[in-house]
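If you read the protein sequences in the order shown, they are chains F and L. Just so we're aligned, residue 669 is where the first sequence starts under this note's numbering, counting upward by one. Just so we're aligned, residue 95 is where the second sequence starts under this note's numbering, counting upward by one.
Please keep in mind that the hints were generated in silico from the structure rather than gathered at the bench. Check the hints yourself; a few may be wrong.
Sample of chain F residues lacking proximity to chain L, with all beta carbon distances greater than 12 angstroms (derived) [as the list claims (entries may be wrong)]:
no.	residue
1	Asp699
2	Thr713
3	Ile721
4	Gly751
So the derived label-pair ranges between C-beta atoms look like this [as the list claims (entries may be wrong)]:
no.	chain 1	residue 1	chain 2	residue 2	range
5	L	Leu133	F	Gln782	14 to 20 angstroms
6	F	Asp723	L	Glu148	33 to 39 angstroms
7	F	Glu710	L	Glu148	26 to 32 angstroms
8	F	Pro785	L	Ser121	25 to 31 angstroms
The beta-carbon is built from N, C-alpha and C at its ideal position, and this holds for glycine as well.
Here is how the chains run, residue by residue.
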Amino acid sequence: DQQVKQNSPSLSVQEGRISILNCDYTNSMFDYFLWYKKYPAEGPTFLISISSIKDKNEDGRFTVFLNKSAKHLSLHIVPSQPGDSAVYFCAASATLGGSSNTGKLIFGQGTTLQVKP
Amino acid sequence: ETGVTQSPTHLIKTRGQQVTLRCSSQSGHNTVSWYQQALGQGPQFIFQYYREEENGRGNFPPRFSGLQFPNYSSELNVNALELDDSALYLCASGWTAGGTQYFGPGTRLTVL
């Protein structure tokens, strides 16, 4: 079963505008969520994370929002730049012991973002 | 402070062979995890090691095995290679199980 889903395979935005990438999860044991960016032929690069005790975390141009009741998180990039063009993965983990998911990151399928100049 | 490194970058093997992939974790990290990423998919968790002991395993058969060493290095061994094992293999390290993990560049394995 797909516990973390990114339903949009691709997104195209104009430079300077906002990019919004979405992610849904099904497992209520997840309490830590992350976003990674991946360029071709490179490993995923950590962008930003959020704990389930928060609903928003900001780092420069990147903001992650968490809606626990909807089991939904989103990544906002403002303003978008051409260098942001990459595949973005959301991931979730259960950091508390006793869960079969403890210790592992569960990834979505990824969303390819294209930022046009 | 160096990041996570992996070797080799690319590898070609034939079905039935065995392969060993290597990873050097970021200094000070206690956990190392291995992931398999097939084309067009997100990384899939293989297993994690915490302080040199296995700390969780994904849905992979026993022919996938690993080791973590005291010097922050780690190995992923795959026996009896199958065509479906062709993928990008990613190593990631972190301070705590389940916390932020930092990835290496990956090893691209092709099984013919």
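Quick rundown of the hints versus the structure:
1. Asp699: violated, 8 angstroms
2. Thr713: violated, 7 angstroms
3. Ile721: holds, 14 angstroms
4. Gly751: About 18 angstroms separates Gly751/F from the closest Cβ of chain L, which puts it past 12 angstroms; holds.
5. Leu133/L / Gln782/F: 14 to 20 angstroms: Between Leu133/L and Gln782/F, where Cβ atoms are some 19 angstroms apart, the hint holds.
6. Asp723/F / Glu148/L: 33 to 39 angstroms: holds, 35 angstroms
7. Glu710/F / Glu148/L: 26 to 32 angstroms: holds, 27 angstroms
8. Pro785/F / Ser121/L: 25 to 31 angstroms: violated, 39 angstroms
Hint check: violations occur at hints 1, 2, 8; the rest are consistent with the structure.
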